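Chains as they are written, first to last, in the working numbering: chain A, 1 to 349; chain X, 1 to 349; chain W, 1 to 349; chain H, 1 to 349.
Keep in mind the hints are simulated off the structure, nothing from the lab. All figures in this text were calculated on a predicted structure; none of them were measured in a lab. It cannot be assumed that every hint is accurate.
Which copy is meant is left open, because identical chains are indistinguishable; a pair holds if it fits in one copy or across any two.
Once the Cα atoms are required to be at most 27 Å apart in a straight line, the calculated DSS-like pairs of lysine-lysine come out as [what the hints assert, rightly or not]:
#1 115 x 327
#2 334 x 158
#3 334 x 312
#4 195 x 327
#5 113 x 327
#6 327 x 138
#7 138 x 45
#8 195 x 138
#9 334 x 45
#10 138 x 312
Chain by chain, the residues:
There are 4 protein chains.
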Amino acid sequence: MTATAVTDDTWENLVKPTTGFWFEEEVTEDFSVKIRIESMEHHSKSDFQDVQIITTSEFGRTLVLDHKTQSAARDEHIYHESLVHPALMMHPNPKNVYIGGGGEMGTAREILKHKSVEKCIMVDIDQVVCDLALTHLKQWSEGVNEDPRFQLFCEDAKAHLEQDTDTMYDVIIMDIADPIEAGPGIALYTRDFYKFAVSRLNVGGIIVTQSGPGSHFNVQSECCTTISRTLRSVFDHVYTYCSDIPSFGSNWAFNIATGVERITADMASEDVAINTLAEDVGKDLTYSLTGRTIAEIDQTIDERCVDGTILKFYDGVTHLGVFGLTKEIRTSLKNETRIMTLENPVFMH
Amino acid sequence: MTATAVTDDTWENLVKPTTGFWFEEEVTEDFSVKIRIESMEHHSKSDFQDVQIITTSEFGRTLVLDHKTQSAARDEHIYHESLVHPALMMHPNPKNVYIGGGGEMGTAREILKHKSVEKCIMVDIDQVVCDLALTHLKQWSEGVNEDPRFQLFCEDAKAHLEQDTDTMYDVIIMDIADPIEAGPGIALYTRDFYKFAVSRLNVGGIIVTQSGPGSHFNVQSECCTTISRTLRSVFDHVYTYCSDIPSFGSNWAFNIATGVERITADMASEDVAINTLAEDVGKDLTYSLTGRTIAEIDQTIDERCVDGTILKFYDGVTHLGVFGLTKEIRTSLKNETRIMTLENPVFMH
Amino acid sequence: MTATAVTDDTWENLVKPTTGFWFEEEVTEDFSVKIRIESMEHHSKSDFQDVQIITTSEFGRTLVLDHKTQSAARDEHIYHESLVHPALMMHPNPKNVYIGGGGEMGTAREILKHKSVEKCIMVDIDQVVCDLALTHLKQWSEGVNEDPRFQLFCEDAKAHLEQDTDTMYDVIIMDIADPIEAGPGIALYTRDFYKFAVSRLNVGGIIVTQSGPGSHFNVQSECCTTISRTLRSVFDHVYTYCSDIPSFGSNWAFNIATGVERITADMASEDVAINTLAEDVGKDLTYSLTGRTIAEIDQTIDERCVDGTILKFYDGVTHLGVFGLTKEIRTSLKNETRIMTLENPVFMH
Amino acid sequence: MTATAVTDDTWENLVKPTTGFWFEEEVTEDFSVKIRIESMEHHSKSDFQDVQIITTSEFGRTLVLDHKTQSAARDEHIYHESLVHPALMMHPNPKNVYIGGGGEMGTAREILKHKSVEKCIMVDIDQVVCDLALTHLKQWSEGVNEDPRFQLFCEDAKAHLEQDTDTMYDVIIMDIADPIEAGPGIALYTRDFYKFAVSRLNVGGIIVTQSGPGSHFNVQSECCTTISRTLRSVFDHVYTYCSDIPSFGSNWAFNIATGVERITADMASEDVAINTLAEDVGKDLTYSLTGRTIAEIDQTIDERCVDGTILKFYDGVTHLGVFGLTKEIRTSLKNETRIMTLENPVFMH
């Protein structure tokens, strides 16, 4: 059946129904978010994953991989600014930056805002997603591909690092899917990978990784605390922080790690590294809050960014907010004992 | 974030998540169906309604107008065969058939299966839907537009009948949206419209209309009982029947009405018609069950259809099934007193 | 936070939100129904299953076992009348009736409406459900327990039949959970069980079983067609029929089987039985439609029921409706080849 | 139908389905959260609202009023600690504290942890909720009613303040439902109410109010920015802060206001107050971050709380985190121009 005649001029005044299309995404087994869909622009199956681009009423255009939100127009800047700027601003002079994953290209876009950056290498396994970013996700990828500092390789992120031994990096940014049971990226969250990453970092180098949900609940933050604990078994200093990203249905965690000098020595003495570093957690966590003032961070942003850049999310006050983890999350971090290995992975829901 | 390396050959064996996209359609305020979406092929706003073509895992390609399922690949034949064949088989020799609405073209497709039909006029207000049927809904529209007996007009279904006074019809088929509060089609469910329709029917002519949900529950079937009651205030014989159409989330009702000779006289004496006919309900309802045997219906199908036609849903036994309304629905029909007018419409949810 | 002062008299005129509580029940993996919950009266875990009694806005009080609707106040009479009356009315003089399962007691209630019944034995494994039926489901159980013809045993339905060899039955009614992969009742849907049941039936005895969803779709009706096929490998005559039970989210199927004399002989020659009976499907299916007239069925109901009984759903016209299966379901039944055994079960979703 | 025999010992190994009961709560029209329900303990309709107590798998026992989560066992401490402690710790010596609303009694519980408090007056309109808190929400109300410093009145929160002119308060805590269109509490979010509240505050007094969702999105935070702007039209200093409360489906905002001396003078000159104060926003917002060090806040908590008290959420680092609003929220606060009055209310969804 289909509609027919509008018999009078009241039609315009009638309440039209809103769409009945929804994207339901599980945050945990017992808690989901439900987001109204306006349209679906793309649907395909790459060699690695199901790929959809949809538009939701709440968050605008959204990339969905294997039925999980990757990033959405309305708040992708929160995710990408959170992932990139704290690490790059913490480094005194980041020149070479490596992105593991990063298909949407929002991470590259933020990195290229830094004047100091001379080379930005991005390695994402999925050509389909990278191509879509250029054609369908212009808000994410605008200008990236034209920047001569940027190079894209569609291959395995770890294999590339292993093979290209010429380039050493100041910052490595891991922008990959969560460590879920069905996911391909588990290996890139393990102690072995982090130890290997050290060998590709310059002195003073920094690694940062997206780290899954970061709520007050142990069950929701166990992925982020395990990643933190795993990094602490390799690096001197690990800073965990969380941003509110509404389209992810939860606060979201990140971990920055640094301290390459000491770690290189630690490689010979694994157990010592693991045990002694755990005690530093409390100190490290608050260090980031008091190490620099709000004004100093704001000044660094001004100095580092290419002329005319306006960050929408990150500044000095935001920095204090995202690193000011609540008592409960800090306790979870302190109490975490698991170290992620291929043999003993910790999976997100 | 995006996925990266597949580090081993276990990937193929992993359980892949199914899509998190859903179409939720309210059947009543307190009861909805939830259908998994695979993809959305089309999304637009015509002058009359929101138009979507989606593909669901359960029902295949589906036309959605104003966020209500119109028909789905998997069971549209049930809807269209139910709407068309009982009425056409009941008529001794249907030559001229009129479709009010019918945008998907499935109704036309079924009508054109009848050898006796010489002219099939379809009038749907929405050009956008009709065009989409030809390009995106080939299962529905295949062959229709090429049939010389078929003529399509995109305009008001009632206005067309009023203006084109040359053609008289043997069967009028109303394939329009449900009478919802926000809908444009209310006028086409009223006693006035049915009285007018009589003037466009040949002697022995028949009108059939889709009539909304037809469940055992009064609240769900009040649309269908009101349409039946409204038709009974105009026609001698009204037959209500129901088909199970899974994609509609409920059994679905139809009403066939006939008895033009007497009605024409009744026009002068409205009240008599209304009151006396109500008593005939019980008789009429069972009449259809015994009037013809299963074998007679099966034989009529064979004789009437163009060579090679295979109906998937309708035959003699099906006929008895769909007209064999349960005791409760027959009671609701008997007890219904409301007659639909523009001043006193009865709306579906 | 909690609400505070009503500061003026507009409160009554404000739109109050409806509840946000829902029961989502999967009909298939890709199709669910969503029913608004008003309240939850009971929640426990018996030795066999999760047990809930809830009240929904659409269907009233509802028994939910292992998170599947068992029966709801608003339409339980459709289920229970459909399960009981066609079989009992088909038998010339049913005295001893056996119920396998039947915890809500609606099946017993319908059986006890028959004057001819002298003994009604019900055997349900779950004491918790039976007790709840008496205290919380009075609409279902009213009067049952006080009827001297009724006896309840809480134990294994098959074991009871095996041990109590004194009683032979005229009708056996299987009112048990669907054959789902996680369910305990698989054994009671197998050819072995049906062969055994024959040995507990009097000459001319009848068995009827609820048979899961009965839609036009193969995937939805594969449980019912397999049960039909399995019964056809044992009994001479198998009649499949479907009722629309809105709270189940789908039409619902039942199978009646009879023909004990011949079957007993067949026991020695299994393959013959299986192969020859398959040819009878078409005849059997339509037989039920023409075997008795509407008037004859209505008269039988009058004669058989205890004085004052009013059936709400079932009568002669309803009978023709529910047995008038559509062409597609009849084709599925004809084409079904699977016979359910413990080694080769067919599971519902 | 009900389940029957477990025919073998595999039952324990079978996967049992999880419940199909859900609480869906709209955060916005296009974004909902879906929380699995284990049981419903209570359901009633008070004079003011629908009242439910449910238990969800994710958040435990939960009070739901008019179908919106009020607070849940798993994270109610975040809400109540956030509402109470920043304001009380900011005051040099809080003795008399007033709670408008607060039915669950979690707010009173937190207040009574302060040694300095001599009198805690709570006024909630809904006796039903208060009674339920004592019987069904012991985690919230434990010890409150037995504390001689606590007094409960079930009446209009504003009327009580107007009538009881003997008591002046050091801190007023507004713990009432969001200003939704259908809600009774609109009047308690208006400029008029805040001006009146000043007259009930001692010199140096502080008012704090829960302020609805506080996300990065204007549409989600418009309630909180309007409340902030309204308070700024009355008070010298207004501090907005946000906590992540998972069961609310969003970050949650609060506003603290102080500066009674100046305001009292402003009463004569409304427009001046409104216009000049707007300029202070930036300063005020960051003031709270630098005014006291982490160590000072931790020390104040130790000194103020009764012996043995352990706060689970709030401490010095948490303080910096919740007041460290992101650049976007601070911009929304700065740009907000609306002042809430009964004539021009701003409603939450």
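Hint check:
Taking the closest pair of Cα atoms, residue 115 and residue 327 come within 27 Å of each other only across two copies (22 Å); inside a single copy the shortest separation is 37 Å, beyond that limit. Taking CA atoms no more than 27 Å apart as the test, residue 334 paired with residue 158 passes in neither setting, with 29 Å inside one copy and 45 Å between copies. Taking the closest pair of Cα atoms, residue 334 and residue 312 come within 27 Å of each other only across two copies (15 Å); inside a single copy the shortest separation is 32 Å, beyond that limit. Within a single copy, residue 195 and residue 327 get their C-alpha atoms no closer than 30 Å, and across copies no closer than 36 Å, so neither meets the 27 Å cut-off.
Proximity of residue 113 and residue 327 under a CA criterion of 27 Å is satisfied inter-copy only: 18 Å between copies versus 34 Å inside one chain copy. Taking CA atoms no more than 27 Å apart as the test, residue 327 paired with residue 138 passes between copies only; the shortest distance there is 24 Å, against 39 Å inside one copy. Taking CA atoms no more than 27 Å apart as the test, residue 138 paired with residue 45 passes in both settings, with 21 Å inside one copy and 25 Å between copies. Taking the closest pair of Cα atoms, residue 195 and residue 138 never come within 27 Å of each other, the shortest separation being 35 Å inside a single copy and 49 Å across copies.
Taking identical chains as interchangeable, the C-alpha atoms of residue 334 and residue 45 are never at most 27 Å apart, the minima being 41 Å within one chain and 38 Å between chains. For a Cα distance limit of 27 Å, the shortest separation of residue 138 from residue 312 inside one copy, 17 Å, qualifies, whereas the shortest one across copies, 44 Å, does not.
Checked against the numbered hints given earlier, the structure breaks hints 2, 4, 8 and 9 and satisfies all the rest.
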